[in-house]
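Peer 1: Sequences listed follow chains G and V, in order. The working numbering applies: residue 1 is where the first sequence begins, and numbers increase by one. The working numbering applies: residue 101 is where the second sequence begins, and numbers increase by one.
No wet-lab data here; the hints were simulated from the structure. Where a beta carbon is used, it is the ideal one built from N, C-alpha and C, also for glycine. Each hint should be verified, as a subset may be incorrect.
As the list claims (entries may be wrong) - Some chain V residues close to chain G (C-beta under 10 Å, calculated; not the full set): (1) A141; (2) H162; (3) D164; (4) D167; (5) G181; (6) G210; (7) T361; (8) R464; (9) K567.
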Amino acid sequence: MTGIVALYIFMLAAFTGYEIIAKVPVILHTPLMSGSNFVHGIVLVGAMVALGGATTPLEKAIGFVGVLLAAGNAVGGYVVTERMLEMFKSSGAKKTGGGH
Amino acid sequence: MEAVVNAPGIFSARLLIDVSYFLTAVLFIMGLKRMSSPVTARSGILWAGAGMAVATLVTFWHPDIPDTSNLWLIIAAIFIGSLIAWWSGKKVAMTNMPQMIALYNGMGGGAAAAIAAVELYRAAFAHAAGHSPQHNSMFMSLAVIGGIIGAISFSGSLIAWAKLQGVLNKTVRFGGQKFVNGLLFLGSLAVGVIVVLHHGADPLHVSLIFGLALLFGVAMTLPIGGADMPVVISLYNALTGLAVAFEGFVMQNAAMIIAGTVVGSAGTLLTQLMAKAMNRSLANVLFSDFGSGGGASTTEVKGSMKPIEASDVGVMMAFASKVIVVPGYGMAVAQAQHKVWEMCQLLIDRGVTVKFAIHPVAGRMPGHMNVLLAEAGVPYDLIADLDEINAEFETADVALIIGANDVVNPVARTDKSSPIYGMPILNADKAKNVIVIKRGQGAGFSGIENALFFLDNTRMLYGDGQKAAAELVNAIKAVG
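Chain G extracted, bound-state conformation (with noise of 0.2 Å):
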């Protein structure tokens, strides 16, 4: 990846992240900040790699700290987005309750 096409992908995805949140009505924007929250996670990935290369006793220290937050990021991210996005219903969905 040569600097200038990183430089394109990163001027792309700064647009379309800014394009998504644009239109989200209030209601969503907690689960939304979360939902980001786990997919900035995907740190897991470079991570590993680091650990994986990691060679000195430092260096792999500093690896395993990193892969064990990164995976705490992802992880907590999705649980608790899942749980905030399992509760949304409407009211044609489920049944209110109640009546005489």
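With chain G's structure known, arrange chain V on it following the hints.
Peer 2: Coordinates of chain V only, in the frame set by chain G:
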């Protein structure tokens, strides 16, 4: 990057990884897109989750992991990190969601900083041992910048978590604080420049970059008040995304670049939307003192607070044609949302039109109240945001305020001297009758007197939110 040693056949590990990461990027973008509409939101996280699973799995065959001796370390670290996060994520109460997001976000920032640290220490030790530099200054700069941002996000998010969780109650401020903060940040950056120019310099310099950046994250977050913390968490979320993107350049990993950048820009926009909803600029949140308590307004509020009994409110709502409920964080703290929804169901069964009006900053962060209502079983199509609902208050017979205060204070429209002047509010005062459920007579979270409570069409129902809601349920049932 060293040359790939794999055989250059069509089915090389490199190709498998490139294709998988490409797929992951597509799934992430589609997932986030789906998450931006309530109808498809649920499937969005599943799509993104699938992308993450694919990327993680194929990385075990990554050609830059030269031998298998570290594989067990990787597996052990993933196992421990996942287990802790899975357990804590399942257990956390919905009211504590904002600080949990902060915590997971900080972990991501820490991971990005760790990647940078591995690369920079390696370069530093090689330089100290007299080896010729392996990386150009572009590589080194990106690693340094990503590392600094990641470290700031890490320590800053931890402080944000501690503040919202109540572990850390103090708001630390001292004279010249901004100067000290600036010094920490510039110091970290300056050492970073030295490391880049000297191809890693020595390990001490590398340690200094991270040490100063971590300190800066702490120092920058400490003076910010709890009310502003959601905006700060959102900012750190965007910063982590950016740090991941920078480390993606370092690792030559397109999935990290794309995902990190998308989150970086989406998070920046989300931060701006949140700040706007609170009528603050981002600079104002980061560098001013409002969050700790507002200045006193000079205008005197005229009139008196007029109490009412639950039974009377029950009758009033039972025979209304339209009731708008305005919930605030106080309702969630009292765990009253289930009782409130039970009450609303009784009203709906009687043919009353019921709507929930949500202010953008109701709850601890924008959209948090929607999550809390959804937890109680309120369908999202009964929930309206500020722009949709404000015109409807004039046709409402009853506006029921429960646990909300500043977001319905009409002085935001009229009183230029008020700290909340100009903040968009819910026009609850336009309803024919306003009922406010409130524990006592004190002022709100920000310490600003609420003129709504003193209006002629306002009645106060004193009591704990959950108890008051239960009384209303009984009162409506008694109407028959």
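Peer 1: Look at each hint and say if it fits the structure.
Peer 2: Structure-based check of each hint:
no., hint, in the structure
1, A141, "5 Å, holds"
2, H162, "5 Å, holds"
3, D164, "5 Å, holds"
4, D167, "9 Å, holds"
5, G181, "3 Å, holds"
6, G210, "4 Å, holds"
7, T361, "4 Å, holds"
8, R464, "9 Å, holds"
9, K567, "21 Å, violated"
The structure fails hint 9 only (numbered hints given earlier).
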